[in-house]
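Novice: Sequence:
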Amino acid sequence: MSIGEILLQRKKISSVQLEEASKSRKPNERVEHCLARLGYISERDYLEIYGEQLSIPVVDLSEIAIDAELLRQAPSKVVHRDRVIPIDRTNGSIRVATNNPFNLYAFDELRMLMGAKIETVLATSEEISRVIKQHYGVGGQTVEAMIGDNDVAVVSEVDADNADLIEQAQEATVVKLVNEILLEAIRDRASDVHIEPYENDLKIRYRIDGVLHTTNVPPEIRRFHAAIVSRIKILSNLNIAEKRLPQDGGFKIKAQNRDIDLRVSVIPTAFGGAVVMRILDKQSVLLSLDQLGLMDEALAGVQSLISQPYGIILVTGPTGSGKTTTLYAALNTIRSDTIKILTIEDPIEYYLDGIQQVQIKPHIGLTFASGLRSFLRHDPDVILVGEIRDLETAEVAINASLTGHLVFSTLHTNDAVTATTRLLDMGVEPFLVSSAVSGVLAQRLVRRICKACVEEYVPGVVEVPPDFKLQRGQKVFRGKGCRDCRNTGYRGRLGIFEMLLCNDQLREMIVQRKSASDIQKVARDQGLKLMREDGWTKVLKGHTTIEEIVRVTKVDPSMVSR
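If you're matching positions, the sequence shown starts at 0 in numbering that gives the first Met the number 0 and goes up one per residue.
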């Protein structure tokens, strides 16, 4: 029986799907490969049939200890070209993992070059790629091709002229290398890519779930640093000849059928340009308020605020704390055909249906403040201002709220109560702040425990901070680490929140220019729940860990005393 018939017999596919695959096959493409490409079966489905027919075991490479020394001895050209991985040596034979048991030429070549009998096992192409990247680094094959037969080491870099740099940056191998770096970041759900040059090294780090991870790259990549930076500058429409000043730009790519924007920043360091690329996936799924991690008082407070007809709602936190995502979730909750919503942002991070979105362009005079003034002539009900950065923007936003508009915006402050004092420090009159601000939501992002490897445990005394009340022997949760979470124990993130609702007593304190600590004391007496307390609640519910709350929040004296 053919592989297609066996899959049909095992009810893995329907006869219609088999017929479609037969018609859609590319030249020399096997029908099972076409079925997998169309998404009707997984690669493992047909590997198991190969294993049965050829008496070859199917293995999971994540559960096998790869012999690193054996892999170093293997010819890297064969490993990269034929996707075959020598995994260990037993009784004089070398076990080799492959996803193509019909590639006999590759096995013969390995047998001759390594001088040992070859035994094959089957593994998925995804697992093979993971092992190759782990041991050879991202872009290992490309870097090897770029080096070629040239054994001359580059000792010092000489300034090449612009024409040479442009030519080098446009070479197919450099283009491919930059593409591989970006694709790997997108596959790993990274939010940022850091390219950092050192005297004898080039580090590439991905920020995944808020934490930086150094990715494995070939050591020879250092000599191609200038070409990589030039390629990124060309994509971002930046001046490749400028190496003394910081530069900012961006570009768009299409990867995995998604439109992705990249914001690029280049700064001059002692050993060349350092690059950070922020990855903005505009087609990311919009989350609802409860999916963000809002619960109890914070969720009720936000739902109460966004249902009001006017006022300012501020979301505060440092860069990268998810403020824009929270504002989008709020807009997504209230948007309808009966209200007009306008946003002015820098940059537009997601596209929202039914909402008019404007990107600021300071170089032509379109700022937050000027855009806001124009908005008021467009008869909006709800306005989102990406960020209040200065007095002018703050005053226009406050006037908009006082004339009957609901205004959403963000501020860079550490907690909720500091937001009002920050506006006063900018120069906004106290009576305007007290009249306009309806509420402030402060937030941070913590990593979510991986659902695939979550476990209960009793934490040691040293692990538990003094403000976290835990009964003796009480269990909390953590992730053991698995393939799904890259052995970190975490996958995804959620917010911890602090919701301050302005009432008459707090408004009076704002008018009197009371300090943030005085306002917080009164708000605490009225039931304000701090971010750290919200975090402890999520620890006990099994959403995150003690270590994460300690990492992103600090102890508040009022919590220890309670």
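Keep in mind that the hints were calculated from the coordinates and are not lab data. All residues carry an ideal CB built from backbone N, CA and C; glycine is no exception. Among these hints, one or two may not hold up.
[Stated by the list, open to error] When the alpha-carbon atoms are kept at most 20 Å apart in a straight line, the in silico PhoX-like pairs for lysine-lysine are as follows:
1) K76 with K175
2) K553 with K520
3) K175 with K242
4) K540 with K479
5) K450 with K468
6) K450 with K474
7) K202 with K175
[Claimed, not checked] Listed next, with one range per pair, are the computed distances between beta-carbon atoms:
8) G353 with Y104: 53 to 63 Å
9) T332 with S41: 33 to 43 Å
10) S14 with Q355: 47 to 57 Å
11) G353 with I55: 27 to 37 Å
12) G472 with L298: 25 to 35 Å
13) V461 with L539: 51 to 61 Å
Novice: A separate judgement is required for each hint: does it hold in the structure or not?
Specialist: Structure-based check of each hint:
1. The straight-line distance between the Cα atoms of K76 and K175 is roughly 17 Å, inside the 20 Å bound, and the hint therefore holds.
2. Straight-line distance between C-alpha atoms of K553 and K520 comes to about 17 Å, which keeps the hinted pair within the 20 Å bound.
3. Using a Cα cut-off of 20 Å, the hinted pair K175 and K242 is violated, with the two alpha carbons roughly 24 Å apart.
4. In summary, the hint linking K540 to K479 is supported, as the alpha carbons are separated by about 17 Å, within the 20 Å threshold.
5. Only pairs whose Cα atoms come within 20 Å are accepted, and K450 paired with K468 is rejected, the gap being roughly 25 Å.
6. Of the supplied pair hints, the one linking K450 and K474 holds, its CA atoms being roughly 17 Å apart against a limit of 20 Å.
7. For the suggested pair K202 and K175, the alpha carbons sit about 18 Å apart, so the restraint of at most 20 Å is met.
8. About 57 Å separates the C-beta atoms of G353 and Y104, a value consistent with the hinted range of 53 to 63 Å.
9. In this structure the supplied range 33 to 43 Å holds for T332 paired with S41, their Cβ-Cβ distance being about 37 Å.
10. Between S14 and Q355 the beta carbons are some 49 Å apart, a value that agrees with the proposed interval 47 to 57 Å.
11. Taking the beta carbon of each, G353 and I55 are about 55 Å apart, not inside 27 to 37 Å as hinted.
12. With their beta carbons about 31 Å apart, G472 and L298 fall inside the hinted range of 25 to 35 Å.
13. At about 19 Å, the beta-carbon gap between V461 and L539 misses the expected band of 51 to 61 Å.
Violated hints for the displayed structure, listed by number in ascending order: 3, 5, 11 and 13.
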